[in-house]
Amino acid sequence: MRWLNLLKANTKKEYIELKRYLPNTIAMLLTFYIIFVGMFAGIQLIGDPSTQDSNIQYAIVNYIFWFLSFMVINSIGYEIINEAMKGTLEQLSMSPMGMWRIMTVRLISTTFINLVIVIVLLYLSMATAGQWLNIDVITIAPILLLTVISMFGVGFIIAGISIILKQVQAFLQILQFILMALTFIPLSVSPVLAFLPFVQGIDMVREVMIHGAAFNQLQVGDFMILGFNALFYFAIGIGVFLYCERVAMKKGLMAHY
Amino acid sequence: MESIIEVQNLRKTYRKRRSKEYVHAVSDISFKVNRGEILGLLGPNGAGKTTTIKMICGLLIPDSGMIRINGIDNKEKRLKALRHISAVLEGNRNLYWRLTVRENLEYFAGNRGMSRKDVIDQVEDLLLKFNLKGKENELVNRLSRGMQQKLAIAVAMLAESDVILLDEPTLGLDVETGYEVREILKAIVRDYNRTIIISSHDMDVIQDICERTVIINQGKIVTDDRVENLLKLFEIRAYTITLGDILNSQQQQLLLQKFPQHDYQQDTYQSILNIELAKSEGIYDLFDVLKLNNTPVEAIDRRTINFEQIFMKIVKGEKQDALAQSS
Numbered sequence: 001m002r003w004l005n006l007l008k009a010n011t012k013k014e015y016i017e018l019k020r021y022l023p024n025t026i027a028m029l030l031t032f033y034i035i036f037v038g039m040f041a042g043i044q045l046i047g048d049p050s051t052q053d054s055n056i057q058y059a060i061v062n063y064i065f066w067f068l069s070f071m072v073i074n075s076i077g078y079e080i081i082n083e084a085m086k087g088t089l090e091q092l093s094m095s096p097m098g099m100w101r102i103m104t105v106r107l108i109s110t111t112f113i114n115l116v117i118v119i120v121l122l123y124l125s126m127a128t129a130g131q132w133l134n135i136d137v138i139t140i141a142p143i144l145l146l147t148v149i150s151m152f153g154v155g156f157i158i159a160g161i162s163i164i165l166k167q168v169q170a171f172l173q174i175l176q177f178i179l180m181a182l183t184f185i186p187l188s189v190s191p192v193l194a195f196l197p198f199v200q201g202i203d204m205v206r207e208v209m210i211h212g213a214a215f216n217q218l219q220v221g222d223f224m225i226l227g228f229n230a231l232f233y234f235a236i237g238i239g240v241f242l243y244c245e246r247v248a249m250k251k252g253l254m255a256h257y
Numbered sequence: 001m002e003s004i005i006e007v008q009n010l011r012k013t014y015r016k017r018r019s020k021e022y023v024h025a026v027s028d029i030s031f032k033v034n035r036g037e038i039l040g041l042l043g044p045n046g047a048g049k050t051t052t053i054k055m056i057c058g059l060l061i062p063d064s065g066m067i068r069i070n071g072i073d074n075k076e077k078r079l080k081a082l083r084h085i086s087a088v089l090e091g092n093r094n095l096y097w098r099l100t101v102r103e104n105l106e107y108f109a110g111n112r113g114m115s116r117k118d119v120i121d122q123v124e125d126l127l128l129k130f131n132l133k134g135k136e137n138e139l140v141n142r143l144s145r146g147m148q149q150k151l152a153i154a155v156a157m158l159a160e161s162d163v164i165l166l167d168e169p170t171l172g173l174d175v176e177t178g179y180e181v182r183e184i185l186k187a188i189v190r191d192y193n194r195t196i197i198i199s200s201h202d203m204d205v206i207q208d209i210c211e212r213t214v215i216i217n218q219g220k221i222v223t224d225d226r227v228e229n230l231l232k233l234f235e236i237r238a239y240t241i242t243l244g245d246i247l248n249s250q251q252q253q254l255l256l257q258k259f260p261q262h263d264y265q266q267d268t269y270q271s272i273l274n275i276e277l278a279k280s281e282g283i284y285d286l287f288d289v290l291k292l293n294n295t296p297v298e299a300i301d302r303r304t305i306n307f308e309q310i311f312m313k314i315v316k317g318e319k320q321d322a323l324a325q326s327s
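The listed protein sequences correspond, in order, to chains E and C. First residue of the first sequence? That's 1 in full-length UniProt numbering, and the numbers climb one at a time after it. First residue of the second sequence? That's 1 in full-length UniProt numbering, and the numbers climb one at a time after it.
Because the hints were derived from the structure by calculation, they are not lab data. Computed from a predicted structure; not experimentally measured. The reader is advised that the hints may include incorrect statements.
[As the list claims (entries may be wrong)] Straight-line alpha carbon distances no greater than 20 angstroms define the calculated EDC-like cross-link-like pairs of lysine to aspartate or glutamate that follow: (1) K251/E / E21/C; (2) K258/C / D285/C; (3) K232/C / E276/C; (4) K251/E / D28/C; (5) K251/E / D63/C; (6) K291/C / D245/C; (7) K75/C / E207/E; (8) K186/C / E228/C; (9) K80/C / E21/C; (10) K250/E / D285/C.
The following block holds chain C by itself, in its conformation from the complex (with noise of 0.2 angstroms):
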């Protein structure tokens, strides 16, 4: 697949505030994204995502590496290659509130050069698609943080670039709101064929988007690798049983022999068994500790872990450890 943009050995530092010392923002990253492809960058505050966004914009020069924006170098020519990039910056600082919804637009466009008649027919179709039409003429400061955030969306579109650049997209939303944008962003990808970099700390945002994520911690790349991967491999075999009755002590000295770090919690009827397998098979372990009393079985749920959990283990080292197991 064609990669439209290349970051290679990427390092930024900055100098503390009247000190000497230096902050290692960005330490030797590389990655490639794809053409048409939804990259996540995630990590926790501080790691280093918006100062790679922002070297990617053009809008901090790192002090060491490469970026490559369709095969522009972005430190040698950062104008041609600003031409394939567009950004939705953090916060509702990218748009001018003393102007329309309509006007923003066409001001953008104008600030790249491209003249009112050359967009009016896209200024129709992405008020439409962005369900801002009937409010085109409403000045920026009474929107609402939502509808601030769908026109930003829709400014970076009107580029015409190829890559649009989104830190922290659905950052102070409500939730109707930020789904309305998540369908958006999938809707780009689909009807445009755009490639889109999202930096965000929404994980359902990453899981229910994104192909890809690249986790950054302390300005280093700790994990890329495609989503459902990741799930799988920090995938567990989890149980929670809950018994129709309480288990005999012979029951619970076997289940503490096999397995040994089980959770069991008996209430007057019923009571609740919480199990971890190593292997599939081991259920059957189970099975025959509960057949000695004929322990009524009332329910058995499987627990799934989610991309939180996933990327809350990854950040604290622990992907390691599941490459380890897996293999």
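Extracted from the complex, chain E is given alone in its bound form (with noise of 0.2 angstroms):
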């Protein structure tokens, strides 16, 4: 009950300075918009006309991928700045529930509220070219719920490393780029890429919205290898946020910014 109190509390916040910070929104929604228009229009005017549908449709999954791992594993390490820097960190880390319980519910309403503008943002990538992919949610669900998880990881980990040494910024705008290589390298290439954290999801969100797969026809493999990183990610990222966060408390580094 605790936690689905923490749970509500967060997610109203976010949504409550979402809409606060609408015209913020609003522009960065229009931001990803005219970048996929852009790419759309490159794939037409210079792809190779013979593989034109099939580049569009790994574009609009690419890149929606990649804007909804941007947006989960960069806000927590933002958020850590921002709380550090308004000074509320500190009022988070005394609450008894824990630092990482209130990161994981913030974590859990960024990513619900972000999978909203995504499916926004999908269903107007996919109207702008003309292409409808297989949106079979019954398989797309539990796929993306272990990919989040692994996102989720990671999250951890910048949020870690953002507590200890703030000024991070620069270092999440190069996560951009790493985060695109990931999501738009396909498995194909090197299957060793599974292993690291969501690159096997997204392979297996490609197979059914674009192979049009059906989740039985999906291997049991990659479900073990999704579950395994789902796992193997958050446990980790929970381990390196717990360490960091005594570190911080240990060399009263939590109110500095």
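Hints given; two lone chains; assemble the complex.
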């Protein structure tokens, strides 16, 4: 029940702030849409006409997932930086629920809110490109859930580093390109990448959305890798976060910016 | 009396940035706080007050020593101990500026795992008690510094913790709001039976609302006593006597013999005598001197010492001298 109250409070706060910063949210959404339109136009103009449809479909899925991973992973780092700047990080740290729980529910609420934005962006992109992908919610949902959990793990690592270093904005900007590489590279190029966070998940979603694969057509082994990745990266993320929090409390870095 | 906070042999050392030097922020501090008590934590800048408060709040891990909150070791069971503590830290950085007064109250309650339903009555009660009714839908960044501070204390109250720590609660407030905050703090102890620890530079606040003070200097406790005991300890018998005439040379000679530390300033028609008496009976010797020439006495004012002066004397190490004199 305490978890649920924590989740409710943080989801409400995220929603209120999103509403209060509405012009900022709309601008961000428009920027992402304009970049997509540019990419779409580029494929049409200089791409190989024989693979044009497939290229556009890949671009839509990869781009949407890049947006989601970018929002989920980077947002928690920026949250820590903002809380430290505002001075509220110490108040969060004093909650008897523990900061890692607050950050977990913030990740959940951010992901939920961003999923709504992603769905809008997805349908907008499909309508612009005139390419309608296979949106099989029953198959996509469990893959997405496990993929997002591994993203949370990476998010926690970023959050932990942010607690100690604070000035990580430059790193977060570089990270978006790393995330882009991870979301755009197909697994067939290098199967070992399946063990990196969320790469396996995006590959499976591509199978469903582009090639129309059903749940029973997906490999059990792929699901196992996905599940392992989710658990492994989440556990590592929490471990790194708690370690960094302890270092910050030992060195008195919690209030520093 | 039951102690709600026990601090034992607390030590904290920081390493200076880009240097191998260490700063001993807190060195072997021990004290207890009783349930329902208002304790003042005093000390000059850099004395170790905020470090001590942050260690009690679990925001800093001590190098050694132990802190028990309601019997719970805050190093071993930090989150459990935090259930009994809430704090308003220095400055106006305890709230979300883009949320309203009510949203802040509800958010921080939710962050402690409480539901909106659980706190709805308390929120109304606190809005009334803290004179924030009518401002509940106002964004925090539009509130005055005083209102923000009152809201921060209300948020700490909503936590339903046994102990509230306040770091410089009246800093930057105008006289009126400072007074209002003081009254609120007194009401918290009276009506809600909470324990309060205040760290402050404002001696009026400490003298007005604290029962006991712990004075820290250079990371060490130099005094742990009740406010009235300290006032008594440093009580002085110093008088300013306004005379309706000037003293003649014989009187001045006698004064010098009997009260070598006196200060005498003469004007055309009157004179002022500042005198400090070792014993109260000394006043009769003074009257004998004045009677020699029937010098009229226009006023006798006893000079009092305020808490700020006591604090300065303690920090300068004059407490030992005062103790020696009183014994």
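To see whether the hints hold, each was checked on the structure:
Between K251/E and E21/C the CA atoms are separated by roughly 14 angstroms; this keeps the pair inside 20 angstroms, and the hint holds. Taken as a hint, the K258/C and D285/C pair is honoured in the structure, with Cα atoms around 8 angstroms apart against an allowance of 20 angstroms. Of the supplied pair hints, the one linking K232/C and E276/C holds, its CA atoms being roughly 16 angstroms apart against a limit of 20 angstroms. For the given pair, K251/E sits about 18 angstroms from D28/C by alpha-carbon distance, which is consistent with the 20 angstroms threshold.
Distance restraint check for K251/E and D63/C: the Cα-Cα separation of roughly 10 angstroms lies within the 20 angstroms cut-off, and the hinted pair is therefore satisfied. Taken as a hint, the K291/C and D245/C pair is honoured in the structure, with Cα atoms around 12 angstroms apart against an allowance of 20 angstroms. Pair hint K75/C plus E207/E does not hold up; C-alpha atoms about 50 angstroms apart against a cutoff of 20 angstroms. For the suggested pair K186/C and E228/C, the alpha carbons sit about 17 angstroms apart, so the restraint of at most 20 angstroms is met.
At most 20 angstroms may separate the alpha-carbon atoms for a hinted pair to count; K80/C and E21/C exceed this at roughly 35 angstroms. Of the pairs offered as hints, the one joining K250/E and D285/C is violated, with about 63 angstroms between alpha carbons and a cut-off of 20 angstroms exceeded.
The structure is inconsistent with the numbered hints 7, 9 and 10, although it conforms to all the rest.
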